[in-house]
Amino acid sequence: DTGVSQDPRHKITKRGQNVTFRCDPISEHNRLYWYRQTLGQGPEFLTYFQNEAQLEKSRLLSDRFSAERPKGSFSTLEIQRTEQGDSAMYLCASRQDTEAFFGQGTRLTVV
Amino acid sequence: KNEVEQSPQNLTAQEGEFITINCSYSVGISALHWLQQHPGGGIVSLFMLSSGKKKHGRLIATINIQEKHSSLHITASHPRDSAVYICAVLDYGGSQGNLIFGKGTKLSVKP
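Those protein sequence lines, which keep their order, are chains E and P. Quick note on numbering: the first sequence equals residues 38 to 148 in my numbering. Quick note on numbering: the second sequence equals residues 54 to 164 in my numbering.
Some hints could be false.
Label pairs and their computed distance ranges (CB to CB) [stated by the list, open to error]:
1. P/75 x E/40: 20 to 30 Å
2. E/53 x P/118: 41 to 51 Å
3. P/79 x E/135: 14 to 24 Å
4. P/97 x E/89: 27 to 37 Å
5. P/122 x E/135: 15 to 25 Å
Simulated crosslink set (DSSO-like; lysine-lysine; CA at most 27 Å straight-line) [to be verified]:
6. P/159 x E/48
7. E/48 x P/156
8. P/106 x P/156
9. P/108 x P/159
10. P/106 x P/121
11. P/121 x P/107
12. E/94 x P/107
13. P/108 x P/121
14. P/156 x P/108
Examples of chain P residues lying across from chain E (beta carbon under 10 Å, computed) [stated by the list, open to error]:
15. 57
16. 59
17. 83
18. 84
19. 86
20. 90
21. 94
22. 96
23. 101
24. 111
25. 113
26. 141
27. 154
28. 155
29. 156
30. 157
What the hints contain is simulated information worked out from the structure, not anything from laboratory work. Bear in mind that the values here come from a model prediction, so they are computed numbers and not experimental data. Virtual Cβ for every residue (Gly too), placed ideally from N, Cα, C.
Excised from the complex, chain E in its bound form (with noise of 0.2 Å):
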């Protein structure tokens, strides 16, 4: 196992356009968390999944997030109708019991 890896490492969209991020965890590891990075700033909790219940979402994620964890494994994160404030690093962790693994991020940049 490689670690939590995360794809696509970059994106570019244009303000309006969709995106989704797929996140790839630790296997075995039951918890999932997605953050938010802005330049400057640490990482800004946005949700977290136990297996594949979403247990809890920050007011950060708006109506236009939708996070996804269907089978317990791998999750995705959808942004709709991306705003330029969107343009951000979107980094998730997985986690077994004390043991947590970050993944390299997505950096995402709405034009």
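Keeping the supplied structure of chain E fixed, place chain P upon it in accordance with the hints.
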């Protein structure tokens, strides 16, 4: 009050200096991670601590569970150490899926 506080927020050092970054937390934790993020890059886990001290090369991390405090030390700092260093805790509480990040310390090491 944030549950995880880091200090300083920004740090500039000369090459060769000994550097200390601090992390204080207000929740009961099961483990603490020190993470490194280079500009535009993903997050790399440096250490995971639940007690005591760990050393890897020029990096040393300590944690005092009673005082709810951890420090990351860099000996003989080098310009390639320039990055954002983030403290993240795995807590026993119920918020954010129990994985809470500090806002990070931006380190710049000048040659």
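Going through the hints against the structure:
Restraint check, residue 75 of chain P to residue 40 of chain E: a C-beta distance of roughly 28 Å satisfies the suggested window 20 to 30 Å. Between residue 53 of chain E and residue 118 of chain P, the C-beta spacing of about 50 Å keeps the proposed range 41 to 51 Å intact. Judged by the Cβ atoms, the range 14 to 24 Å given for residue 79 of chain P and residue 135 of chain E holds: they are separated by roughly 19 Å. For the hinted restraint 27 to 37 Å between residue 97 of chain P and residue 89 of chain E, the CB-CB distance of approximately 28 Å keeps it satisfied.
Residue 122 of chain P and residue 135 of chain E have their C-beta atoms about 18 Å apart, which keeps the hinted 15 to 25 Å range intact. Under the criterion of a C-alpha separation no larger than 27 Å, the hint pairing residue 159 of chain P with residue 48 of chain E is consistent with the structure, at around 25 Å. Between residue 48 of chain E and residue 156 of chain P the CA atoms are separated by roughly 25 Å; this keeps the pair inside 27 Å, and the hint holds. About 23 Å separates the Cα atoms of residue 106 of chain P and residue 156 of chain P, which keeps this hinted pair within 27 Å; it holds.
This hinted pair checks out: residue 108 of chain P and residue 159 of chain P have alpha carbons roughly 21 Å apart, not beyond 27 Å. A C-alpha spacing of about 14 Å is found between residue 106 of chain P and residue 121 of chain P, which places the hinted pair at or below 27 Å, so the restraint holds. At roughly 17 Å between alpha-carbon atoms, residue 121 of chain P and residue 107 of chain P fall within 27 Å of each other, so this suggested pair holds. The suggested pairing of residue 94 of chain E with residue 107 of chain P is violated, with an alpha-carbon distance near 34 Å, which exceeds 27 Å.
Restraint check: the Cα-Cα separation between residue 108 of chain P and residue 121 of chain P comes to about 20 Å, which is no more than 27 Å; the hinted pair holds. Between the alpha carbons of residue 156 of chain P and residue 108 of chain P the distance comes to roughly 23 Å, so the proposed pair stays at or under 27 Å and holds. With 10 Å as the threshold, the beta carbon of residue 57 of chain P comes within range of chain E, its nearest partner Cβ sitting at about 9 Å, so the hint holds. Checking residue 59 of chain P against chain E by beta carbon gives a least distance of about 8 Å; that is within 10 Å, so the hint holds.
Interface restraint check: residue 83 of chain P against chain E, minimum CB-CB distance 5 Å, threshold 10 Å, status holds. At about 4 Å, the closest approach between the beta carbon of residue 84 of chain P and any beta carbon in chain E falls short of 10 Å, and the interface hint on this residue holds. Proximity of residue 86 of chain P to chain E holds as hinted, the smallest CB-CB distance being about 6 Å (cut-off 10 Å). Against a cut-off of 10 Å between C-beta atoms, the interface hint on residue 90 of chain P holds, since the closest Cβ of chain E lies about 8 Å away.
With its C-beta approaching chain E no nearer than about 7 Å, residue 94 of chain P sits inside the 10 Å limit, and its interface hint holds. With its C-beta approaching chain E no nearer than about 4 Å, residue 96 of chain P sits inside the 10 Å limit, and its interface hint holds. For residue 101 of chain P, the shortest C-beta to C-beta distance to chain E is roughly 7 Å, which falls under 10 Å, so the interface hint holds. The criterion of a C-beta within 10 Å of any C-beta in chain E is not met by residue 111 of chain P, whose closest approach is roughly 22 Å, and the hint is violated.
Restraint check, residue 113 of chain P versus chain E: the minimum CB separation of about 20 Å is more than 10 Å; hint violated. Restraint check, residue 141 of chain P versus chain E: the minimum CB separation of about 7 Å is within 10 Å; hint holds. Taking 10 Å as the C-beta cut-off, the interface hint given for residue 154 of chain P holds, the closest approach to chain E being about 5 Å. Interface hint status for residue 155 of chain P: upheld, as the beta-carbon distance to the closest one in chain E is roughly 6 Å, under 10 Å.
Restraint check, residue 156 of chain P versus chain E: the minimum CB separation of about 4 Å is within 10 Å; hint holds. Because the closest C-beta pair between residue 157 of chain P and chain E is about 4 Å apart, less than 10 Å, the hint holds.
Of the numbered hints given earlier, the model fails hints 12, 24, 25; all others are met.
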